[in-house]
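Let the hints inform the model, and build the full structure from the sequences given.
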Amino acid sequence: MELYLYIALFAPLVGSLFSALFGASAKTSLTGYVASGLLFTSFISSVLLLNYVLGGHTVHVEMMTWMATGNLYIPFGFVVDQVSVVMMMVVTIVSTVVHVYSIGYMDHDKGFNRFFSWLSAFVFSMMVLVMSDNFAGLFIGWEGVGLCSWGLIGFWYHKESATWAANEAFIMNRIADLGMLIGIFMLYWNVGSLQYDVVFAEIGNLPVVITTWIGIFLFIGAMGKSAQFPLHTWLADAMEGPTPVSALIHAATMVTAGVYLVVRANPIYDLIPNVGIFIASLGAFVALFAASMALVNRDMKRIIAYSTLSQLGYMFVAAGLGAYWVALFHLMAHAFFKALLFLGAGNVMHAMHDELDPFKMGGLRKVMKGTFVMMTLASVALAGIYPFAGFFSKDLILEVGFVEHHYVIYTVLLLTAGLTAFYSFRLVALIFHGEERYKLFGIHPHEAYKFMLVAMSPLLVLAIIAGSFKMTYFQLVMNLLPATQYHVHNQTIFWIMTIGTQLFVIGAILFAYKKYSNWNSVPDGTSKMEKSFGYKLLWNQYYIPKFYEEVFSRPYLELSKVAWKEIDLKIVDATVDMIANAIYKTGENTRDIQNGNLSTMLRWMVFGLVVLLALAVAFTVGYNAVGA
Amino acid sequence: MLDHILSILIFFPALAAMLGFVVTKDSMRAYGIAVAFVEFVLSLWLWYAYDPMISGMQFMESAPLIKSFGISYLLGIDGISLFIIILSTFFTLLGIASLTETRHVKNLIITLLFLEMTMVGVFAALDAIVFYVFWELSLVPMLYIIGAWGGALRIYASVKFFLYTFTGSLVMLVGMLFMAYFYYQATGQWSFSILEWYRLILPENFQLWLFAAFFIGFAIKVPMFPFHTWLPYAHGQAPTIGSVILAAILLKMGTYAFIRFSLPLFPDASVYFMFPIAIIAIIMIIYTAMVAYAQEDIKQVVAYSSISHMGIIILGTFALTVEGVSGSVFLMIGHGVVSGALFLLVGVIYDRRHTKLMSEFGGLASVMPRYATIFGIMMMASVGLPLTINFVGEFLSLLGFYKQSHMITLTAGTAIIVGAIYMLSAYKKAFFGPVTNEENRNLKDVNRTEMLGLIPLVIVAIWLGVYPKPVLEPINNSVESVIQLMHDKAQSQEAKARIPNLSDVSGMNSMQEAH
Amino acid sequence: MEITLTHYLVLSSVLFAIGLIGVMRRKNLLMLFFATEILLNATNIAFAAISHYIGDLSGQMFAFFIIAIAASEVAIGLGLLIVWYKRTGKIDLDQMNSMRG
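Residue numbers (the working numbering), protein chains in the order written: chain Y, 1 to 628; chain H, 1 to 515; chain S, 1 to 101.
Misleading hints may appear alongside valid ones.
Subject to a maximum C-alpha distance of 30 angstroms in a straight line, what follows is the list of computed DSS-like cross-link-like pairs (lysine-lysine) [to be verified]:
#1 Y:Lys546 with Y:Lys159
#2 Y:Lys531 with Y:Lys439
#3 H:Lys429 with Y:Lys27
#4 Y:Lys159 with Y:Lys439
#5 Y:Lys561 with H:Lys444
#6 H:Lys428 with Y:Lys110
#7 Y:Lys360 with Y:Lys531
#8 H:Lys444 with Y:Lys159
#9 Y:Lys110 with Y:Lys27
#10 Y:Lys360 with Y:Lys450
#11 Y:Lys515 with Y:Lys439
#12 H:Lys429 with Y:Lys546
#13 H:Lys444 with Y:Lys110
#14 Y:Lys565 with H:Lys428
#15 H:Lys428 with Y:Lys546
#16 H:Lys429 with Y:Lys159
#17 Y:Lys27 with Y:Lys450
Computed footprint of chain Y on chain H; a stretch qualifies when at least three of its residues, placed anywhere within it, have a C-beta under 8 angstroms from a C-beta of chain Y [what the hints assert, rightly or not]:
#18 316-323
#19 363-370
#20 409-419
#21 427-434
Keep in mind that the hints were calculated from the coordinates and are not lab data.
Even for Gly, the Cβ is constructed at its ideal location relative to N, Cα and C.
Below, the structure written as structure tokens:
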């Protein structure tokens with residue numbers, strides 16, 4: 001089994017390095033095939049490992065020492081247990097699909113080889129992240145995915161907006177990573193090890209205050225990767241990257257790393273329910289907050305990005321309330337349908353020549369049947385309609401909130417579910433139904449390559465049936481996670497809740513259809529709604545990016561300039577030069593003594609003599625006085 | 001031969017440089033590479049012969065110089081100095097091999113070989129006077145390199161560099177003389193041997209004064225805020241090779257000397273000054289990172305980033321824990337490799353465009369993809385991405401200091417944020433975006449000679465990031481003995497408490513068994 | 001009135017002061033030599049007087065040394081002065097500043 005572990009882990013790395021060899025040369029389809037093939041190998045190995053883990057075993061290997069000094073000992077250790085194998089499945093499935101899809105999507109891009117190199121490197125980092133058996137290894141993957149995300153968001157580096165977004169994402173993540181790093185330091189100095197098993201065995205012996213701080217700092221790390229408020233702005237901007245990247249990194253895998261961290265560290269968070277409540281509240285807030293921004297946005301990818309943000313909020317609610325397995329389950333289901341949604345959006349973008357405004361589309365279902373069906377079904381799954389995947393995972397989170405008596409959270413999430421359904425179908429309706437507004441812009445859309453649609457189909461299948469794995473999954477992860485069943489015991493309430501939610505969501509869908517499926521014009525900012533305060537607030541993302549720009553970015557740059565030009569040059573360096581100059585000036589001024597004029601020199605001599613004599617007398621007198 | 005390997009390592013380049021005067025101009029490059037290569041192989045042999053399990057000094061050599069004052073020619077290395085010596089020979093080799101300078105190449109190579117002698121001498125010397133002699137001698141070749149091959153302001157820059165560091169070293173010399181005098185008073189014998197000095201336990205108030213005297217010498221060399229302003233000028237005016245050696249090796253003399261002198265000689269004072277120095281380190285980290293962010297010249301970005309990284313090294317050194325000090329020694333190696341590589345990379349573009357202003361570039365990634373890739377890797381190493389060499393050092397340094405103070409570590413940890421800010425924005429300005437300047441459109445990608453210098457650095461930067469053990473283990477053993485010495489010598493309660501006691505068997509063994 | 005040591009020393013000091021003022025004020029090289037001679041002789045008086053009162057001959061020996069040295073000094077000085085005068089036609093001190101630093 002160790003062999004499979006290594007294959008699953010390193011196959012993407014090999015693919016990445018292979019593609020990197022051709023990084024600077026012209027496009028060769030070979031890189032795409034090799035990278036995808038290796039990814040598929042990794043997927044097969046993960047399946048075999050899953051099968052093994054289902055048999056009740058786990059695999060734990062220690063490859064080699066990484067860092068060892070003092071009492072610190074960090075190996076490259078990898079573990080395939082019930083939690084990591086689920087993540088491995090999610091990562092390898094989605095990334096295999098995305099790789100194959102990208103062969104078509106990036107067909108005409110001159111950075112084709114580079115793209116596959118980055119993409120496979122990302123998968124490798126993600127595998128390191130989920131398979132590591134210690135916090136330091138997790139951190140390797142954590143930063144590694146950040147790096148690859150930087151490279152892929154800024155993939156089209158000639159675009160200013162893309163490179164800006166890439167840097168923003170990297171720096172925001174770094175802020176959070178600092179929190180995580182501090183969490184790791186605290187663990188080390190309090191537990192003496194960073195291995196999961198040692199940490200989780202010892203964590204109960206620590207004072208609660210310390211555990212709380214550890215939990216908080218680790219969660220700060222999670223907030224960055226999972227783009228939770230207030231570190232959320234990078235995710236929407238990250239949509240500058242190629243769409244397959246958004247599907248893989250910014251929907252299915254990397255952004256869920258934060259959730260994975262909380263799930264993985266469940267023995268820590270179990271001890272500190274207060275932090276858990278905070279996580280859940282923040283999650284609920286983000287769910288609603290992000291959904292509200294998605295309501296008015298006119299950028300297809302950003303809408304889906306906000307929806308991702310919102311769903312991450314759901315996951316954190318579950319994780320914060322101690323329902324770790326529910327969080328992980330939603331993570332899995334969400335990965336499938338959200339990746340599908342993004343890939344569908346990618347098809348639309350291709351067809352529309354990179355146009356992102358759904359108001360400029362419309363009626364595309366006639367030319368893009370396959371994409372239409374897939375995106376609709378993915379949206380249905382996202383909305384949580386029975387029997388799609390979203391129903392099982394998302395409704396469960398609502399139930400968790402209800403059963404744990406956090407009714408405010410429950411209400412917020414319920415409301416968000418309605419909003420989710422509304423904006424998802426607003427998007428579908430605008431893109432695929434109604435008048436063919438794109439004709440105004442002279443675009444001739446076409447369906448994507450067949451094999452791209454075929455590549456997407458596994459995700460479609462999973463988006464539909466993932467819910468049926470619920471019991472198998474539960475049996476699997478209860479070995480590692482708290483096996484709490486969240487059931488509303490009262491049958492009546494349960495049915496009222498379920499059916500009520502369904503009706504509410506369906507109502508939202510119908511409303512969206514009614515409002516947008518016959519849309520016939522491109523809004524130009526003159527309608528009454530667009531002028532309202534609420535709309536503007538949402539349109540500008542609550543002015544948060546602007547706020548960050550004004551309060552952090554710009555002052556930091558200004559302050560840096562002051563630090564350089566005013567402080568460093570004019571104070572610190574000038575002081576040094578002043579001292580040097582003072583010495584120089586003293587010499588310059590006193591050179592008059594040496595003016596070569598004998599009588600002046602004699603006068604100085606006499607002056608010196610008198611001074612020396614005076615000193616001698618003074619000292620003698622003083623000495624005698626003391627002596628006496 | 002092993003008995004005198006250190007002497008050979010020190011004086012071989014100097015002798016070869018003397019012979020270099022009779023070598024013809026055309027064959028000078030080959031000659032220089034050959035000499036530097038032999039020297040590098042010798043240093044690798046040193047590593048091979050070095051026993052990592054012994055924490056004390058190895059390959060010791062001793063010959064009396066001035067008996068009546070106890071000055072002797074005393075050499076020896078431990079895990080701390082071994083790798084800096086190898087780094088010196090490595091960089092001299094790389095520097096000569098990838099030299100693109102065309103003016104007076106012969107003189108330049110001879111100067112570099114002399115510089116190599118002084119660098120190896122500083123790190124191998126165990127006698128304070130010998131140490132001081134090499135320390136001062138190293139200024140001369142560098143003064144010459146900056147002054148003769150530098151840019152427009154080279155005279156100002158080189159004089160500033162020389163006078164500034166020289167002033168600091170004089171104060172240090174006074175400290176050394178006092179130290180020897182105290183030793184004489186305590187034992188009735190004169191000695192300048194550092195190893196002898198280690199045995200001396202000084203009263204705390206003496207320690208404070210001596211620490212301060214040594215501190216000024218070392219701090220200017222490092223350079224620590226607010227003594228850092230000579231560095232941007234030196235880097236700004238120095239030719240590529242000068243900047244590379246300056247950043248990679250010469251700055252390490254200061255931090256190395258802290259570990260060799262200040263910590264074991266003055267444990268109480270080290271604890272006493274721990275927090276003030278940590279504050280300075282934080283200022284270095286954040287303030288110079290901000291200054292780096294404001295720069296318009298890409299070389300100055302790298303220069304200021306050096307200061308910022310040296311802040312982390314200082315912080316790790318004054319963590320006074322094994323993790324922190326090992327980390328800081330490792331980061332010296334890491335920073336040497338990374339900043340050396342970055343200066344080489346800046347040199348590549350400067351050779352092509354004769355400007356270092358970022359506004360002149362833009363879009364280089366599409367014109368010079370290989371260059372952009374190597375620069376990208378080194379940039380990521382510089383911001384301390386895991387699995388690159390700098391991460392190991394930064395992680396351990398910060399981890400080490402966390403034991404002493406949580407808040408300071410948290411503040412200093414912002415290094416990973418501010419570092420990313422200036423590096424990424426510089427990279428963005430130079431490499432991303434469309435090609436706006438027509439002159440950049442037909443630039444040639446890195447050529448073979450340049451690759452020769454860069455590829456080994458990339459390999460080292462990643463190899464030591466993935467598998468630091470061969471280097472970290474000897475460092476760790478030597479650092480443990482330093483820390484133990486400090487703990488044993490410490491007198492004040494606070495110092496005893498802050499410096500861990502490694503021979504405390506119970507704590508150590510239980511940890512070991514846990515693995 | 002008996003002449004005591006004090007009288008000699010006062011005379012010596014007065015002469016010394018005159019010589020010192022001469023050294024400082026005179027711009028003529030020849031006058032400068034006179035002034036130095038006065039200075040030297042002032043000390044000679046002091047040496048001889050103190051030597052007599054203490055009863056130690058070393059002081060008087062010193063005075064002789066000084067007379068000898070002063071003589072040779074004046075000889076060399078005058079020689080230089082004449083050379084200088086032949087070259088420039090002046091012996092003004094303010095003109096002599098070729099040693100300006």
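So, going through the hints one by one against the coordinates:
1. Y:Lys546 with Y:Lys159: Between Lys546 of chain Y and Lys159 of chain Y the Cα gap is close to 21 angstroms, so the pair holds against 30 angstroms.
2. Y:Lys531 with Y:Lys439: holds, 27 angstroms
3. H:Lys429 with Y:Lys27: It holds: about 26 angstroms lies between the C-alpha atoms, which stays within 30 angstroms.
4. Y:Lys159 with Y:Lys439: holds, 27 angstroms
5. Y:Lys561 with H:Lys444: violated, 33 angstroms
6. H:Lys428 with Y:Lys110: holds, 20 angstroms
7. Y:Lys360 with Y:Lys531: Since the Cα atoms of Lys360 of chain Y and Lys531 of chain Y sit roughly 20 angstroms apart, the hinted pair holds (cutoff 30 angstroms).
8. H:Lys444 with Y:Lys159: Satisfied, since the Cα-Cα distance of roughly 23 angstroms is no more than 30 angstroms.
9. Y:Lys110 with Y:Lys27: holds, 6 angstroms
10. Y:Lys360 with Y:Lys450: holds, 25 angstroms
11. Y:Lys515 with Y:Lys439: Cα-Cα ~21 angstroms, so holds.
12. H:Lys429 with Y:Lys546: Answer holds: Lys429 of chain H to Lys546 of chain Y is near 22 angstroms, not above 30 angstroms.
13. H:Lys444 with Y:Lys110: Judged against 30 angstroms, a Cα distance of about 19 angstroms means the pair holds.
14. Y:Lys565 with H:Lys428: Roughly 22 angstroms separates the two Cα atoms, so the pair holds.
15. H:Lys428 with Y:Lys546: holds, 21 angstroms
16. H:Lys429 with Y:Lys159: holds, 12 angstroms
17. Y:Lys27 with Y:Lys450: holds, 21 angstroms
18. 316-323: It holds, with 3 qualifying residues against the three required.
19. 363-370: holds (count 5)
20. 409-419: The restraint on the stretch 409-419 of chain H holds, since 6 of its residues have a Cβ under 8 angstroms from chain Y and three suffice.
21. 427-434: holds (count 5)
The earlier numbered hint that this structure contradicts is number 5, and it is the only one.
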